[in-house]
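Each chain is listed here by its residues.
There are 2 protein chains.
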Amino acid sequence: MRNHAAGSPHKAVTIYDISRLAGVSPATVSRVLSGSARVSEAKRKAVLQAVQDSGFLPNALAQSLASSRTHTIGFLVPDIKNPYFSSIYYHVEILASQNGYAVLLANSRGAFENESRILQALTGRRVDAIVFMGGRIDAFPCSAAGIAELEKFNRMVPLLLTSRVEGTSIPQLCSREDGAVLALMRHLSEQGCRTFAILGGAEDVSVLHRRRALMLACGCRFGMVTQPKWALTDTGFSIESGRQAAAQLLQCGELPDAVCCINDMVAAGALQQLRSDGLQIPQDLLLTGFDGEVFSEVVDPGITTAAFDYPDFAQRIFDLLMRGIHQEPCAPVTELYPHLTIRGSTRREAP
Amino acid sequence: MRNHAAGSPHKAVTIYDISRLAGVSPATVSRVLSGSARVSEAKRKAVLQAVQDSGFLPNALAQSLASSRTHTIGFLVPDIKNPYFSSIYYHVEILASQNGYAVLLANSRGAFENESRILQALTGRRVDAIVFMGGRIDAFPCSAAGIAELEKFNRMVPLLLTSRVEGTSIPQLCSREDGAVLALMRHLSEQGCRTFAILGGAEDVSVLHRRRALMLACGCRFGMVTQPKWALTDTGFSIESGRQAAAQLLQCGELPDAVCCINDMVAAGALQQLRSDGLQIPQDLLLTGFDGEVFSEVVDPGITTAAFDYPDFAQRIFDLLMRGIHQEPCAPVTELYPHLTIRGSTRREAP
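Chains S and X are the protein sequences, given in the same order.
Counting from 1, one number per residue, gives the positions in the first sequence under this note's numbering.
Counting from 1001, one number per residue, gives the positions in the second sequence under this note's numbering.
Same shape as in the complex, but just chain S (with noise of 0.2 Å):
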């Protein structure tokens, strides 16, 4: 990137820039740019005219040291690839640069140690606080360990964690499933459903338990039943896992009324997979997502899904980040609530 005249690299105007350029002293300068009135009106002009010539910026860094704020928040997520987190850092980062905060934005890939690295390092460039995604918080059950690392951390930063997490007073967001998944089986028992599958998830990952739960003692309160070979729930999250966890249900030789996967990507995936093998969804199949994700809209048909209302998902996370910076208080636990959206694949036509 050598493509100055020889001599002039990139670098940053300084105070001194400033001062040689308007012919006054350093000194001089810097009472300008605090505001004193100690300063005759011919040098202010100078010293401004030089600052807007210059393109001079205050070093946030010399002011973060001063006020021991960097005004730069920590998002810490798995992997910005997948909507769900890019939907939700849009919306915080735009509120964050409306407020005058800049984010500083890691991918974990859910590794343990990656998250222990990246916590140090956020802190390390002191920012005022961090927002915990997926990952540890997300694993069941949480260790011990990785919850004492959270604490640790929190004593010098504000962490906000985006996920039940018992045993630590660390605030929390989280989402409250029961409403939507009640009417997400009420809709399927209405389209004519009397079985049901659970496509994906991982047994260590507690958002496989809470949503298994509650899909199996809500289909039961509508007379829903499903079977032991239609419990495909150790597949993972990925478009890819619910490919093959829709192949796998396909072998099972009987087919449930619906299928119910843990999250969108794993729905389209095996929207994907049941089609190639020559069902029509809803008509053979209803089958429904989680999130509200851009894919349960992208596919063809729309998958019905319990999705969340990212801006407002964003707008809390950044109240919350204010609170914790701010010193002020907040609730332990604060609860978002996914809404039924229905969409093409659980609308059967009247016949």
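For the record, the hints were derived by calculation from the structure and aren't laboratory data.
Just to be clear, a hint being listed does not mean it is correct.
[Stated by the list, open to error] Cut-off 27 Å, straight-line C-alpha distance, at most; resulting in silico cross-link-like pairs (DSSO-like, lysine-lysine):
id	chain 1	residue 1	chain 2	residue 2
1	X	K1152	S	K43
2	S	K152	X	K1045
3	S	K45	X	K1043
4	X	K1043	S	K152
5	S	K81	X	K1045
[Stated by the list, open to error] If you anchor each label on the Cβ, the simulated ranges turn out as follows:
id	chain 1	residue 1	chain 2	residue 2	range
6	S	R20	X	D1309	30 to 40 Å
7	X	L1255	S	L250	30 to 40 Å
8	X	N1059	S	S25	45 to 55 Å
9	X	I1342	S	Q280	18 to 28 Å
10	X	G1192	S	D309	41 to 51 Å
11	X	D1234	S	P141	49 to 59 Å
12	S	D204	X	E1328	40 to 50 Å
13	X	Q1283	S	R348	22 to 32 Å
14	X	N1059	S	I342	33 to 43 Å
15	S	Q227	X	G1192	41 to 51 Å
16	S	Q280	X	F1140	42 to 52 Å
Quick reminder that beta carbons are idealized off the backbone N, C-alpha and C, glycines included.
Position chain X against the provided structure of chain S, taking the given hints into account.
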């Protein structure tokens, strides 16, 4: 987030805390941390134990002020929800993290004034380099004022532009698409295509001009033609714009053999619309996308596309950033080559 004992808000551990915990002077702590030999073994052990117990981290800000490097990269995208940008960011951030860099990610939403504000904020934060994607550098024509502003910032911090921009020596990484489009049009010709439509894009965005010109020229070479009524090329780049452009195409009466979309999001939306109107892809109509995003894989049938190798794309960005930061020479323009990926949307079964 006040969830600590009263009087114990979040705070960073300082060298003075270590001094108190270890029962030694602050100067001794400093000598131990800087590796000086002039400290007794007992005091050294006491300091290291206190460091471990307290979670002390050296202040990256103070280190940055001393070194004039922040080991921070700025990354500006229009919208991280777009999988093209999130795929690139994901891989760049992992490389950055492995090399001790953190990345500030901002969404410009493609607006000139947001880009200016973000450049100013990132420069004020003394990032070591900035990746600039989308927005003004994709405009057709590029505004001279927009480029002049980039030049101004590039004098303070090395920029990297991920599009081809005439009239500036700021380093550029851009895609060279003639080979992929030639392969794409040859493939369509081999599938029996004689006529094609072009869907999506915007007349004030350069990617439309580049890809349209290549499609027309390469199509011509294989005896394929288009018609003015099939040029639905000022409809946007989103999934929704793909749906709308396809709906307009269906009102043309006569349909082409193939629909070439400006990107995969437009192709995914078009596929959804065409199917909902009863057309079968690829039996009734061939369909292609561009970029190799996840949307091209998740829909059914999968969409034939010109795909980028995102890990390689990210590696090149990171290498160019390091050259910029270390003031090493680099080519003014580095080119990337997408490759034809054939999927079901253009693969007709043998009759």
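- request: May I ask you to test the hint 42 to 52 Å on the CB atoms belonging to S:Q280 and X:F1140?
  value: holds (44 Å)
field: Outcome of range test on Cβ distance (X:I1342, S:Q280; 18 to 28 Å)
entry: The hint (18 to 28 Å, Cβ to Cβ) holds, given that X:I1342 and S:Q280 are roughly 26 Å apart.
task: Could you see if the CB distance from S:D204 to X:E1328 stays within 40 to 50 Å?
output: holds (45 Å)
Assessment of proposed distance window 45 to 55 Å (beta carbons of X:N1059, S:S25): violated (30 Å)
- prompt: Taking 27 Å as the top limit, are the C-alpha atoms of S:K152 and X:K1045 close enough?
  reply: With Cα atoms ~21 Å apart, S:K152 and X:K1045 stay inside 27 Å; holds.
field: X:Q1283 versus S:R348 beta-carbon gap, inside 22 to 32 Å or not
entry: holds (25 Å)
query: Does 30 to 40 Å hold as the CB distance between S:R20 and X:D1309, or does it fail?
result: The hinted range 30 to 40 Å is violated for S:R20 and X:D1309, with Cβ atoms some 48 Å apart.
query: That 33 to 43 Å hint for X:N1059 and S:I342 (C-beta), does it hold up?
result: violated (53 Å)
query: So the hint says 49 to 59 Å: do the beta-carbon atoms of X:D1234 and S:P141 match that?
result: Distance hint for X:D1234, S:P141 holds at roughly 55 Å.
message: For a C-alpha distance cap of 27 Å, please report whether S:K81 and X:K1045 respect it.
response: violated (44 Å)
query: Do the beta carbons of X:G1192 and S:D309 sit within 41 to 51 Å of each other?
result: Cβ of X:G1192 to Cβ of S:D309: about 47 Å, so the range 41 to 51 Å holds.
message: Need the status of pair S:K45, X:K1043: alpha-carbon distance at most 27 Å?
response: Violated - the C-alpha atoms of X:K1043 and S:K45 are around 56 Å apart, more than 27 Å.
Of the numbered hints stated above, those contradicted by the structure are hints 3, 5, 6, 8 and 14, listed in ascending order.
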